[in-house]
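Protein chains: 2
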Amino acid sequence: MKYVIGIDGGGTKTEATAYTIDGEEIGSGYSGPGNLILNGEWAIENIISAANECMETTNLVYNESECVFIYAGLAGIDGADVAKAEKALSDRFNVETKIVSDAEIALAALLKGDDGILTISGTGSVCYGIHEGKLERAGGWGHILGDEGSGYYIALQAFKRAALEEDECIKKSRLTEKLLERLGMKKVKEIKKFIYSSRKADIAALAPLVAELGEEGEENAVSILREAGRDLALITWRVYRKLGFNSKVKIGISGGIIRRVKLVRKEFEMELAKYIKEFIIVDDDVSPSKGGYYLAKKYITN
Amino acid sequence: MKYVIGIDGGGTKTEATAYTIDGEEIGSGYSGPGNLILNGEWAIENIISAANECMETTNLVYNESECVFIYAGLAGIDGADVAKAEKALSDRFNVETKIVSDAEIALAALLKGDDGILTISGTGSVCYGIHEGKLERAGGWGHILGDEGSGYYIALQAFKRAALEEDECIKKSRLTEKLLERLGMKKVKEIKKFIYSSRKADIAALAPLVAELGEEGEENAVSILREAGRDLALITWRVYRKLGFNSKVKIGISGGIIRRVKLVRKEFEMELAKYIKEFIIVDDDVSPSKGGYYLAKKYITN
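Just so you know, the sequences run in chain order A and Y. Each residue of the first sequence is one higher than the one before, starting from 1 at the first, in full-length UniProt numbering. Each residue of the second sequence is one higher than the one before, starting from 1 at the first, in full-length UniProt numbering.
To be clear, the hints were calculated from the coordinates, so they are not data collected in a lab. It cannot be assumed that every hint is accurate.
[Said to hold, decoys possible] Pairs of lysine-lysine residues, derived as PhoX-like cross-links and limited to a Cα-Cα distance of at most 25 Å, are as follows: (1) K248(Y) - K112(Y); (2) K262(Y) - K250(Y); (3) K172(A) - K134(Y); (4) K189(Y) - K84(A); (5) K242(Y) - K192(A).
[Claimed, not checked] Computed list of chain Y residues with no C-beta within reach of chain A, every gap over 12 Å: (6) V68; (7) L180; (8) R260; (9) S287.
A virtual CB, placed ideally from N, CA and C, is assigned to each residue, including glycine.
Please build the complete structure, drawing on both the sequences and the hints.
Given below as structure tokens:
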């Protein structure tokens, strides 16, 4: 029986999953980083290793090896030698191979290979969309230039609010008090130490505290979270416009902030409704590797 | 003849200058970093070494050693053992010694020891003021939390403008074109590489390009520079309010952006006039060590 392997290669790990033609998961394999630009040759080794492990587990079930397509979505393909990586995979496994960006495969996973948009907000934020073969992006400029609506951005707004209260001699808000309490600090001035000695993810890790206070109605937290929702709607609208969508569109959402922080998600949908007449939100906890299955299927059903 | 030594100890160097009671410069000495928190014992050694060199050059002119006061302004005194550093200096030179922050000495240098405000905008930005012995600050939260109106902030706004044009599919502005040209890049997407591989100062180094385009009337540059001026007026107003000034106040300005970028300075003064009835801008290229002279003089004239 035929099957395809979908691969999701990111900055920290690579996942390869085998799917039957009906989309049933029948095997999987994992390895290290699969970012083509950052990890180079090592990324290719990791991708091969994950695919290899995936085939081995698959063969246990199928007792045969009829892999007909490998479809990989990798981080860092801009400027990388994609053809070389494709050849390395297809030579090794003697199977048709295609490599696209991690964005494209994640988009396909959530939208089942259909056209549409994917808005991501976790530690960072970005929006991608695909329409009639054309892929467009908005946002995704990283934490210095952008990442509006992300966990990092939300936490940073809370810290900025604390700094403003200090500069304006305003009484500390509950948001600021809780922020200091969490960091074990007494004075707002001390937040500088934390900010300038922490990594982006450590700062973003305070977004859930803002979310919690937002749920309780703390006004600063509420306003920060609503703004995040509006920012995410804005990048989504930009992609929608860039791609010239005009009918009902599927909008996938991914990442803890947009999916699970109620105030962000509610504001995102409300704001989006101002721009886009008809849309369906797709919110599934699907592995990006499944996108490889949907994309490969377009080739093998012919 | 009596003289005093003023010391300015910063993150990269320490400067010690000897002044006669009339404020005439009669000797100087230099050494490495003098940030008490960051450089610890080494900072104290550097401060002593700069003062030592300063005394030696002074003795050549005076042929006697009648230093009556050492007044130092050092970076990183918050949380540092200032008393210990003061004792080390006074023991070594057998002279009365006082250590304050680098902000206080810079303020005294520009305002000749009078009460007033100092607004700084170079790579970063901050505002300090002193009134009846009380020192207050606004801004100065660093490039992640703040630094509005600084060279870093100005350059970053230009990059953000480029990113927005890309996301909105707007024709590249002249500001964006010049920015890409300067960096030897063709596509706006490439700016990410620069931003995420550069230090704060490398990014701030593009502020003069924005200033140049602002002079030529490029509308994006003009709006970024004017906003910077307004941001600097705002932190100045906050310090003014914190200190409860109500009569005519001296406002010193320091740093290349606020002093030499015409659009920033003009907007700063115009905006400030909306908040503060009477003020005098003090714009002098005076060494912060001179602040040590003004402050020491208050002790020795008694």
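Okay, the hints, checked on the actual structure:
no.: 1; hint: K248(Y) - K112(Y); verdict: 16 Å, holds
no.: 2; hint: K262(Y) - K250(Y); verdict: 20 Å, holds
no.: 3; hint: K172(A) - K134(Y); verdict: 22 Å, holds
no.: 4; hint: K189(Y) - K84(A); verdict: 24 Å, holds
no.: 5; hint: K242(Y) - K192(A); verdict: 21 Å, holds
no.: 6; hint: V68; verdict: 35 Å, holds
no.: 7; hint: L180; verdict: 14 Å, holds
no.: 8; hint: R260; verdict: 26 Å, holds
no.: 9; hint: S287; verdict: 27 Å, holds
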